[in-house]
Amino acid sequence: MMLSADIKNKYELVVGLEVHAQLLTKSKMYASDSTEFGNLPNTHISVLTLGHPGTLPKVNKKAVEFAVKMGLACNSEITRRNIFARKNYFYPDLPKGYQITQDKGPICVGGEVPLTLPDGTKKSVTLTRIHMEEDAGKSMHLVGEVDTLVDYNRAGVPLIEIVSEPDIRSSEEAYAFLMEIKKLVRYLDICDGNMEEGSLRCDANISVRLHGAAEYGKKVEVKNMNSFRNVARAIEHEFERQILLIEEGVEIVSETRTFDATTGTTASMRTKEDLNDYRYFPEPDLSPVVVSEEWLESVRKEMPALPRELHAKFVNEYGLPEYDAGVLTDSKEIALYFNELCEATANYKAASNWMMGPVKSYLNELTLHISDFPIQPNRLADLIGIIDDGKINFSVASQKVYPEMLKNGEKSPLEIAQELNLIQDSDEGSLRPIVESVLAENGAKVEEYRSGKKGLMGMFMGQVMKKSQGKADPKVATKILTELLEN
Amino acid sequence: MEKFLSFDDIKRSLENKETDCKAIVNYYLNNIQTKAHLNAFVEVYTDSALEQAAKVDEKIASGKAGRLAGMVIGIKDVLCYQNHEVNASSKILEGFESQFTATAVQRLIDEDAIIIGRLNCDEFGMGSSNENSVHGKTLNAADESRVPGGSSGGSAVAVQANLCTVSLGTDTGGSVRQPAAFTGLVGIKPTYSRVSRWGLIAYASSFDTIGVFSRNVPDNALVMQIMAGPDDFDSTASRKPVPAFSELLHFEKRVKVAYLKETIESPALQPEIKANTLAVLDRLKQEGHQVDEVNFPLLKYILPTYYILTTAEASSNLSRFDGVKYGYRTPNAHNLESMYKMTRSEGFGEEVKRRIMLGTFVLSASYYDAYFTKAQKVRRLIKEFTEDLLSKYDYIIMPTTPSTAFKFGEHSDDPVAMYLEDLYTVQASVSGVPSLSIPNGVDESGLPIGLQIMANSFKEAELYAFANYLTKSNSN
Chain R
1 MMLSADIKNK
11 YELVVGLEVH
21 AQLLTKSKMY
31 ASDSTEFGNL
41 PNTHISVLTL
51 GHPGTLPKVN
61 KKAVEFAVKM
71 GLACNSEITR
81 RNIFARKNYF
91 YPDLPKGYQI
101 TQDKGPICVG
111 GEVPLTLPDG
121 TKKSVTLTRI
131 HMEEDAGKSM
141 HLVGEVDTLV
151 DYNRAGVPLI
161 EIVSEPDIRS
171 SEEAYAFLME
181 IKKLVRYLDI
191 CDGNMEEGSL
201 RCDANISVRL
211 HGAAEYGKKV
221 EVKNMNSFRN
231 VARAIEHEFE
241 RQILLIEEGV
251 EIVSETRTFD
261 ATTGTTASMR
271 TKEDLNDYRY
281 FPEPDLSPVV
291 VSEEWLESVR
301 KEMPALPREL
311 HAKFVNEYGL
321 PEYDAGVLTD
331 SKEIALYFNE
341 LCEATANYKA
351 ASNWMMGPVK
361 SYLNELTLHI
371 SDFPIQPNRL
381 ADLIGIIDDG
391 KINFSVASQK
401 VYPEMLKNGE
411 KSPLEIAQEL
421 NLIQDSDEGS
431 LRPIVESVLA
441 ENGAKVEEYR
451 SGKKGLMGMF
461 MGQVMKKSQG
471 KADPKVATKI
481 LTELLEN
Chain U
1 MEKFLSFDDI
11 KRSLENKETD
21 CKAIVNYYLN
31 NIQTKAHLNA
41 FVEVYTDSAL
51 EQAAKVDEKI
61 ASGKAGRLAG
71 MVIGIKDVLC
81 YQNHEVNASS
91 KILEGFESQF
101 TATAVQRLID
111 EDAIIIGRLN
121 CDEFGMGSSN
131 ENSVHGKTLN
141 AADESRVPGG
151 SSGGSAVAVQ
161 ANLCTVSLGT
171 DTGGSVRQPA
181 AFTGLVGIKP
191 TYSRVSRWGL
201 IAYASSFDTI
211 GVFSRNVPDN
221 ALVMQIMAGP
231 DDFDSTASRK
241 PVPAFSELLH
251 FEKRVKVAYL
261 KETIESPALQ
271 PEIKANTLAV
281 LDRLKQEGHQ
291 VDEVNFPLLK
301 YILPTYYILT
311 TAEASSNLSR
321 FDGVKYGYRT
331 PNAHNLESMY
341 KMTRSEGFGE
351 EVKRRIMLGT
361 FVLSASYYDA
371 YFTKAQKVRR
381 LIKEFTEDLL
391 SKYDYIIMPT
401 TPSTAFKFGE
411 HSDDPVAMYL
421 EDLYTVQASV
431 SGVPSLSIPN
441 GVDESGLPIG
451 LQIMANSFKE
461 AELYAFANYL
471 TKSNSN
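Which chain is which? The protein sequence lines are R and U, in order. If you use the UniProt record's numbering, the first sequence corresponds to residues 1 to 487, in order. If you use the UniProt record's numbering, the second sequence corresponds to residues 1 to 476, in order.
If you're looking for bench data, these hints aren't it; they were derived computationally from the structure. C-beta atoms are modelled at their ideal positions from N, C-alpha and C, and glycine is treated no differently. Treat the hints loosely; a few may be bogus.
Simulated crosslink set (DSBU-like; lysine-lysine; CA at most 35 Å straight-line) [as the list claims (entries may be wrong)]: (1) R:Lys10 <-> R:Lys26; (2) U:Lys407 <-> R:Lys61; (3) U:Lys240 <-> R:Lys223; (4) R:Lys61 <-> U:Lys274; (5) U:Lys353 <-> R:Lys138; (6) U:Lys374 <-> R:Lys87; (7) U:Lys325 <-> R:Lys104; (8) U:Lys35 <-> R:Lys138; (9) R:Lys219 <-> U:Lys459; (10) R:Lys400 <-> R:Lys475; (11) R:Lys467 <-> U:Lys407; (12) U:Lys459 <-> R:Lys138; (13) U:Lys274 <-> R:Lys104; (14) U:Lys300 <-> R:Lys87; (15) U:Lys341 <-> U:Lys274; (16) R:Lys466 <-> R:Lys454; (17) U:Lys300 <-> U:Lys325; (18) R:Lys87 <-> U:Lys274; (19) R:Lys87 <-> U:Lys325; (20) R:Lys453 <-> R:Lys411; (21) R:Lys122 <-> U:Lys407; (22) U:Lys300 <-> R:Lys61; (23) R:Lys26 <-> U:Lys274; (24) R:Lys219 <-> U:Lys407; (25) R:Lys104 <-> U:Lys459; (26) U:Lys407 <-> R:Lys87; (27) U:Lys407 <-> R:Lys104; (28) R:Lys301 <-> R:Lys391; (29) U:Lys35 <-> R:Lys400; (30) R:Lys218 <-> U:Lys374; (31) R:Lys104 <-> R:Lys183; (32) R:Lys182 <-> R:Lys407; (33) R:Lys104 <-> U:Lys353; (34) R:Lys183 <-> R:Lys467; (35) R:Lys479 <-> R:Lys467; (36) U:Lys459 <-> U:Lys91; (37) U:Lys274 <-> R:Lys8.
What follows is a set of in silico ranges between Cβ atoms, one per label pair, in the way DEER data are often shown [said to hold, decoys possible]: (38) U:Tyr367 <-> R:Met179: 41 to 49 Å; (39) U:Val442 <-> R:Asn42: 51 to 59 Å; (40) U:Thr330 <-> R:Thr258: 56 to 64 Å.
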């Protein structure tokens, strides 16, 4: 049965997201083993990681700081006395038979993530909580092997779980929320934010209800979406699937479903009846971690500028359009480069144009990161400066000087322009003979112009540029041309 | 002839060059062999103990010996010792070798103690008779038809039968004090968190402590002061400094002592134990101490609270023994689920399985609040009551056990009767306060009776001094 727009419009989508972010600490959540990715299986597995009898966990302070940073970035309340809890279940990739996590009293309570949707609409998603926990190992089912193999390198790697309230109303909002989370964790440098590699993972709680209904519908949890795009696809699919069921008079059951990226559909994994009873209880092997005022203050001092702060600065202080600010704050490194650039020039709009034009296209073309960009912000500011001073024009700057700067980031743009003999000629005395000779060589065109074909101005200008080898200051040249033609 | 009955003895003999560590170790090795039928030792480290003895002898000769040079120690089979097997008396840890040494054990080794072997116990410390062991039962040397107590039964008998100088046990609900009482020894459960649990195979994490068995108070105090103290490997270990217990044994002040009416008047209490306990209280009064009877209305809640909370923690602590990574794995499974079920069914003994089931039950969603949450609340009440009482009184005195050592099989069909063995010892465990059992005469059959003394948290020094005073006046 196809879902008509009329029917679909009767319903409202309600989504809450649970995002796991793998923290970029050097060691594990409760052990000193390395968290390095991509090593041979089972090379970072101490007795602690393997849950040997007699071992006791020890909290990684850095992981706590990272969680606090995320909380501060989301305006959450920071819990001062943190207790941990055990979540009990059996699985081969879980060495102790329980995961050490937080149950009651997560490190961050509440908070919000403000979003700007593609159409410019603003929206804020409320957070329920952010808590700390440890990752499990990886089970591997190799083709042709009967046995399941387990790699415990990932077991115990620190995670934070960010849980949103059911505030999300469309797949676009869900996508925007995830992008914002990714942007935040990257700005904070606490997670590389890569969903395809699993350093960001997302589960979605999805329900539908008639517009205006007071109660939420029964929610379905969808797992195994390994890209932002797939989260949006899964939500779209669930929205329609649930509406169809309701329209057919079938009751939605609370269940866990898995997303299949090849078909774009979800399938039931388990219903609530056979859900695990995780038997949470306070972890007796860890003493509470107290976030003191001093500790909190020191973390606060280390907080980098946040994307929304830079966005606001770019709009309010630098007078840039929202669009520019959005593009420039997409990545922390670009934003910080731009911010540094704006400290060296006052022509913010020109700076923004350079960033969004020549700089980005160079980076994209060579798939480079801004940290690999050879030109320092102050040199790029110098380039903007000599254009503003009329020493060279933009096209000469972008086509001749900029490529040279990319080859040699040390050299000043003025020096390059001088060496290449590109400095603009603004001297009327030297430009006048050139203009005169151009007009003399094009007598017929001059007549046409004078009889009304004003469009020929560009052609004259081109000739002047050619004769001056591109060095003629367009303003001065135009002035002389106009003067001679109009007489 | 019995030799080396105290560490003082040993030190004197070493100083007088009447003996050396090798001879001491050989003496104990010989005893172990002669008394092998007691089944106290699970494994004797003959070679490494003799090697260590030779090293310590060299250190003594060069004047560089540690404070425990000449002391020979046995450790309970739940304490990790690097490159040595440790089983927690369970089939599920068959063949398992630890890759590290427990902090408590390491600190003793660092002071030149010699580790002579590991000692039998109830599986994962669960039991009061040492009958729940994959290694078989340990016999009480006072009467070989009787249990040595548990769970640290092997540790008790090893000292009782003079198979080592002192031994380490663990005490979660009485597992050092009760066997100490049954074998006529001094046994301490320190304040919870006083000794690092790193390397102690967990039974119930928020109750587990490492304790010491000895023939006398000074040896006990010395070993405890060396083991105790902060440890980076255990975030729950107390940061409090540790006094030199063994140098603070002098006792001459007048103190206030409370005894709990309900413990003395319990119908389950064996008459001789009651009489001997009251005799101590009388003597204290005569010697000018204040002795008051106090009501303890919470006594009847103590065992349920203890068993709910310890089994809950145990059910989770023992989840790691699943056949996936180490230890026993069933050869009979055909898929993951059956591997889990069969491994755990075949690997764990009956009592351990009973407690895992109980613990899983009290933590399950439908019963959580009725059992686990409520027991946590009652634990707080018991702790507050005990600490409050111990702020008004210096010590609480009571019997260590309701009866003296019972016969093998006597309680085997009735787990609850077995649990009642812990009636007097669990108060200190639930409250976390230190508690010590000292010998207090014998019953009509000549079986040792224990007297239990409790003090407030971190008052081990006061506890040892008072125990030292009491053992001296007892022998008068």
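For this structure, which hints from the list above don't hold up? The structure breaks hints 1, 2, 3, 4, 8, 9, 11, 12, 13, 15, 17, 18, 20, 21, 22, 23, 24, 26, 27, 28, 29, 34, 36, 37, 40; every other hint is satisfied.
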